[in-house]
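The sequence shown begins at 1 in this note's numbering and counts up one residue at a time.
Hints should not be assumed to be uniformly reliable.
[Said to hold, decoys possible] Straight-line distance between alpha carbons at most 27 Å, and here's what the computed DSSO-like set of lysine-lysine pairs gives:
#1 K43 / K21
#2 K43 / K160
#3 K159 / K29
[Unchecked claim] Distance ranges between label pairs, derived from CB positions:
#4 T113 / F78: 50 to 60 Å
#5 Y67 / Q40: 36 to 46 Å
#6 Q165 / H69: 55 to 65 Å
Because the hints were derived from the structure by calculation, they are not lab data. Just so you know, these numbers come straight off a predicted model, no measurement behind them. Heads up, the beta-carbon is just placed ideally off N, CA and C, and yes, glycines get one too.
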Amino acid sequence: MTSEKQPRFIKVDKSNLLDLKVACDDALKEYLESNAGYKQSHKHTDIKLVLGYLGCAFAAAGSYYGYIHPFESPDAKFWTGVSVVLYYLCNVLMMVYAYFVEKETIFTGSKSTPSGTQTITVSSAVRNYNPYYDLDIRMDISGSSTASSSSISTVSKTKKSTHQQFSTAFRYWFDEDGVLAHDLLETDLSKFLANTEATHIE
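Start from the sequences and build out the full structure, keeping to the hints where you can.
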């Protein structure tokens, strides 16, 4: 006999909007993987990690070169300078990627459906002095269809997309002590996903 996995107990400071957002982000990601059947893609995190590791590797290489060669030598100064520039370049690229590509994305995942592969991208945000959790949900379904004409069958790729936005006050999901009510949050998330799936367009 197996027991169902219980949601994590989450308690935050209700006066801190960032804490509220992070708590909802974590609960949303758990729900999408455990209940909605999506497999999360860590593409954004992996790219930032690669850039971070590259920056550290360049810095380490520069330090090592400076260690085994006299620092006052022209070669040591040159390669140390190169490693510093490359280190900062990797950090700048990481910040540019986070700001212009990843943006406010908190979850990207996919799952198989009778219609094809369904991909979801979820972004979340909070605004200053506005105790609301803003969600942006985008879904894409890609598949293939077969058409027959004069004994000739052709296979064409199809794609449907939809984009919906939702906003909910944090007070609906947290009690007076700042404890997250998972059942209320998951009920609303289920409705958001159902509404988004119901508005697929070509």
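Here's how the hints hold up against the structure:
1. A threshold of 27 Å between alpha carbons decides the hint, and for K43 with K21 the separation of about 22 Å falls inside it, so the pair holds.
2. Proposed proximity of K43 and K160 is supported: the alpha carbons are some 22 Å apart, at most 27 Å.
3. Taking the CA atoms of K159 and K29, the gap is about 25 Å. The hint holds against a cut of 27 Å.
4. For T113 paired with F78, a C-beta distance near 56 Å keeps the hint of 50 to 60 Å intact.
5. In this structure the supplied range 36 to 46 Å holds for Y67 paired with Q40, their Cβ-Cβ distance being about 41 Å.
6. Look at Q165 against H69: about 57 Å separates their beta carbons, and that is inside 55 to 65 Å.
Consistency with the previously given hints is maintained throughout, with no hint failing.
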